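Visitor: Chains Z and B, in that order, are what the protein sequence lines are.
Number 146 in the working numbering belongs to position 26 of the first sequence; there are no gaps in the numbering.
Number 522 in the working numbering belongs to position 49 of the second sequence; there are no gaps in the numbering.
FYI, nobody ran anything at the bench for these hints, they're computed from the structure.
No experiment lies behind these values; they were computed from the predicted model shown.
Check the hints yourself; a few may be wrong.
Claimed, not checked - In silico DSS-like cross-links for lysine-lysine, where the CA-CA straight-line distance does not exceed 30 Å:
hint	chain 1	residue 1	chain 2	residue 2
1	B	K562	B	K478
2	B	K495	B	K478
3	B	K495	Z	K179
4	B	K562	B	K495
5	Z	K179	B	K590
6	B	K478	Z	K179
Unchecked claim - Here are some chain B residues the structure puts well away from chain Z; computed CB gaps all over 12 Å:
hint	residue
7	L477
8	A578
9	M598
The beta-carbon is built from N, C-alpha and C at its ideal position, and this holds for glycine as well.
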Amino acid sequence: MNIDLIFRIAAIGIVVAVLNQLLVRSGREEQALMTTLAGLVVVMMMLVREISDLFQLIKTLFGF
Amino acid sequence: MELLKLAALCAVCLLPVVLLRKQTPEQALLLTAAILAVAAARCLSLALPLLEEIRALFQLAGIEPAYLSILLRTLAAALVTRLCADLCKDGGSQALASAVETAGAVAALAIAMPLLKAVIELLLMYF
Numbered sequence: 121m122n123i124d125l126i127f128r129i130a131a132i133g134i135v136v137a138v139l140n141q142l143l144v145r146s147g148r149e150e151q152a153l154m155t156t157l158a159g160l161v162v163v164m165m166m167l168v169r170e171i172s173d174l175f176q177l178i179k180t181l182f183g184f
Numbered sequence: 474m475e476l477l478k479l480a481a482l483c484a485v486c487l488l489p490v491v492l493l494r495k496q497t498p499e500q501a502l503l504l505t506a507a508i509l510a511v512a513a514a515r516c517l518s519l520a521l522p523l524l525e526e527i528r529a530l531f532q533l534a535g536i537e538p539a540y541l542s543i544l545l546r547t548l549a550a551a552l553v554t555r556l557c558a559d560l561c562k563d564g565g566s567q568a569l570a571s572a573v574e575t576a577g578a579v580a581a582l583a584i585a586m587p588l589l590k591a592v593i594e595l596l597l598m599y600f
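Start from the sequences, fold in the hints, and give me the full structure.
Guide: The following block contains the structure:
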């Protein structure tokens, strides 16, 4: 639950956005789509762990 | 004081979200979800001492701890529902948001059912 998670996800997002533009401009639309999907999966993996930690915290805190 | 830090965190992290929204909207949504998770976790860990005090107050007032746990669980359900519904609205889908809100209402009702039963039994005793 620390802040660097946010900065890591923001960095991945920006890198994916730049790569996307780069690939689209150089005419490789399908690679751009692949890059976006890859970025999505990576961020999703990190996020799922964070969300499960959050729900665990809610469960212990509110006595579920 | 902690509120200021949390507000500053959300304001600062809003910038990359807006930046990403034009290029890759799904990354912006995931980043918003991440910020939401961190802010909610930080906020809840602050609420820990408050909950202990409320428990002590309930003990003092002689109210059954079961009612307090019902109260807290309903609060948790409402909190999760609101956060998730707003995230769905942020992602642009109003239908998903209303679905989450309906589920939250049903969950809160299910949690509060024993309390309703107790109140009705109390009333029936007098009439």
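Visitor: If a hint holds in the structure, say so; if it does not, say that too.
Guide: Hints versus structure:
1. Under the criterion of a C-alpha separation no larger than 30 Å, the hint pairing B:K562 with B:K478 is consistent with the structure, at around 25 Å.
2. Between B:K495 and B:K478 the CA atoms are separated by roughly 28 Å; this keeps the pair inside 30 Å, and the hint holds.
3. For the proposed pair B:K495 and Z:K179, the alpha carbon gap of about 36 Å is over 30 Å, so the pair is violated.
4. For the given pair, B:K562 sits about 17 Å from B:K495 by alpha-carbon distance, which is consistent with the 30 Å threshold.
5. Taking the CA atoms of Z:K179 and B:K590, the gap is about 25 Å. The hint holds against a cut of 30 Å.
6. Of the pairs offered as hints, the one joining B:K478 and Z:K179 holds, with about 25 Å between alpha carbons and a cut-off of 30 Å not exceeded.
7. A cut-off of 12 Å between C-beta atoms confirms that B:L477 is not in contact with chain Z; the least separation is 15 Å.
8. With a closest Cβ-Cβ approach of about 18 Å to chain Z, B:A578 is found to remain outside the 12 Å limit, as its non-interface label requires.
9. Listed as outside the interface, B:M598 is consistent with that label: its C-beta sits roughly 29 Å from the nearest C-beta of chain Z, beyond the 12 Å cut-off.
The structure fails hint 3 only (numbered hints given earlier).
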